[in-house]
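K.L.:
The lines below spell out each chain.
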Amino acid sequence: MHFEAPLPLQSGAALRDYALSYETYGTLNAHKSNAVLVCHALNASHHVAGVYADQANSEGWWDNMIGPGKALDTNRFFVIGINNLGSCFGSTGPMHTNPDTGKAYGADFPVVTVEDWVDAQARLLDALGIHKLAAVMGGSLGGMQALSWTLRYPERVGHALVIASAPNLNAENIAFNEVARRAIVTDPDFHGGHFYEHGVVPKRGLRIARMIGHITYLSDDVMNEKFGRQLRAAAQAAKDGKPEQLTSYLYSTQEAEFQIESYLRYQGDKFAEYFDANTYLLITRALDYFDPARNFGGDLDRALAAASCKFLIVSFTTDWRFAPKRSREIVKALLHNQRSVSYAEIDAPHGHDAFLLNDPRYKNVVRSYFDGVAKELTV
Amino acid sequence: MSDATIQRAIAELVPKGSRVLDLGCGDGAMLDYLQRERDCTGYGIEIADANVLACIARGVNVIQLNLDEGLAIFEDASFDVVLQIDTLQHLRNAEVMLRETARVGRVGIVAFPNFAHWPNRLSVLQGRMPVTKRLPYQWYDTPNIRVGTHADLADLAARNSLRVLDSFGLQEGRIVRFAPNWFAGTSVYKLAR
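Those protein sequences? They're chains A and B, same order as listed. The first sequence begins at 44 in our numbering and counts up by one. The second sequence begins at 121 in our numbering and counts up by one.
Please keep in mind that the hints were generated in silico from the structure rather than gathered at the bench. These numbers come from a predicted model, not from an experiment. Just so it is clear, CB atoms sit at the ideal spot from N, CA and C, and this is done for glycine as well. Do not take every clue at face value.
Straight-line distance between alpha carbons at most 20 Å, and here's what the computed EDC-like set of lysine to aspartate or glutamate pairs gives [said to hold, decoys possible]: (1) B/K136 with B/D200; (2) B/K310 with B/D196; (3) A/K368 with B/D159; (4) A/K113 with A/D312; (5) A/K406 with B/D169; (6) A/K313 with A/D116; (7) A/K282 with A/D264; (8) A/K269 with A/E102; (9) A/K368 with B/E189; (10) A/K368 with B/D188; (11) B/K310 with B/D169; (12) A/K313 with A/D414; (13) A/K246 with A/D312; (14) A/K368 with B/D169; (15) A/K418 with A/D116; (16) A/K146 with A/E158; (17) A/K418 with B/E189.
Covered stretches of chain B (in silico footprint by chain A; criterion: 3 or more residues with CB under 8 Å from a CB of chain A, positions within the stretch not fixed) [claimed, not checked]: (18) 181-188; (19) 193-199; (20) 226-234.
Which stretches of chain A does chain B cover? Using the computed rule of at least three CB atoms under 8 Å from a CB of chain B, they are [stated by the list, open to error]: (21) 372-378; (22) 385-398.
All chains, please: the whole structure from these sequences, using the hints.
P.N.:
Here's what the structure looks like:
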């Protein structure tokens, strides 16, 4: 969907002539009361569920959660996925043409924040004629958008599901983002963000950014269970039907000796093929900047006073990137404001990635919560 | 507590329209009842996944927390009533939690199995730990790690400078005011700071 009118941004800049890619699932009811907005995290898109008929491996990123008969049941709800501004999956981003210069935005794409995304999403809902969302839902950075919705447009949200998220990033989290950004920015192929005109992609930086990200999304236990100290050569031998053979080290500093190295390199390569370097910078910055308590002297209690909807907060015990204690801060502030809130702390081993996985306890909590949301719908 | 009559007897102690925190709320039946029948609002605290799910399914606000970690996320006197129904006896930090109950609630209502109920005394006299309808566990697999009596709780309350607003026993769904330490399987205290 194309938008003429400039979108004022938190930075003071504005974005004009922009487009938002979105998908919808299910049917909007006559009262337009059953809409659920699903907000995406770092490397996802508006394609939250289902598959494209003509495309292999095109499953939506939250397909195990959203669909007919699933926890977020598209037989009952009208689900909307929107690709955020600055992303690289269809909505206007740094790879698109800047109407002011006629060239790709590159590094000149304005810095966008969680609040800017939420404002853009609200405009799209306006265009769809949806005034109030039955629920807004998101995990990680998507959870930050869901939380932001409840503060910027409290009258437009019935319920918010904030999963594996945080009221802001702590120093360690910003530090991880900064390592990723420096990897990209110092790649000689980055060209100050204007690499499109040089016909190159800073793949080395993107690979490293993805590798460090990936490490932080997993738990120590899961990584050990999945890879341990297994050697790549031993894994290959096992594949060839010679599992008992003790393979010797390669005694190389640069070959992928261990399976975990091979796995991270593979993930990095894959990511560098499809993700945009400027988008990575923008989205990690949006994560860093999100801090609704900032305008209230760091007082989250006061910041969340604006919210009026009901909340489900979910965290995962082994998630150290968005740890349960950060979710509990949100819960505490909502309790302070006497808001309706439930909080589930799922004992899952998978670290931050758990929010995308198919844990039955997690899914049942979300499903039961949406059962309650469905009961409140005016049909 | 599974017994609906006991649940109702305790619900009678909760003023209409109260803001309630139910520590160890189980499947949320008590809060559900208080919300429907007595216009209360509030939250349950639970640790068990299945109970958290049951609460969400019945529309009761629930916070998944381990009570042994305390009630730090709750502010002083932020609830009219804090319930601790059949929870105290499972807690390692029972004394701290008793204090916390009275800190977070203007009124704390505590119910727990009275170990001095006469059948229990009889059993111990015979040299055996009691196994009854109210205390159905064998000594080696009981989750009741704090075994106290109606009289004991009065001492613990005094030790922590808590006022006893009311106390009585419950037996077969009826309130026992005469010698509850002998004649009631369940002890109930209404406490305040």
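K.L.:
Hint by hint, note whether the structure agrees.
P.N.:
Structure-based check of each hint:
no. : hint               : in the structure
1   : B/K136 with B/D200 : holds (10 Å)
2   : B/K310 with B/D196 : holds (17 Å)
3   : A/K368 with B/D159 : violated (32 Å)
4   : A/K113 with A/D312 : violated (32 Å)
5   : A/K406 with B/D169 : holds (12 Å)
6   : A/K313 with A/D116 : violated (31 Å)
7   : A/K282 with A/D264 : violated (24 Å)
8   : A/K269 with A/E102 : violated (24 Å)
9   : A/K368 with B/E189 : holds (12 Å)
10  : A/K368 with B/D188 : holds (16 Å)
11  : B/K310 with B/D169 : violated (29 Å)
12  : A/K313 with A/D414 : violated (38 Å)
13  : A/K246 with A/D312 : holds (8 Å)
14  : A/K368 with B/D169 : holds (18 Å)
15  : A/K418 with A/D116 : holds (13 Å)
16  : A/K146 with A/E158 : violated (27 Å)
17  : A/K418 with B/E189 : violated (35 Å)
18  : 181-188            : holds (count 5)
19  : 193-199            : holds (count 4)
20  : 226-234            : violated (count 0)
21  : 372-378            : holds (count 3)
22  : 385-398            : holds (count 6)
Violated hints, listed in ascending order, are 3, 4, 6, 7, 8, 11, 12, 16, 17, 20; each of the other numbered hints is respected by the structure.
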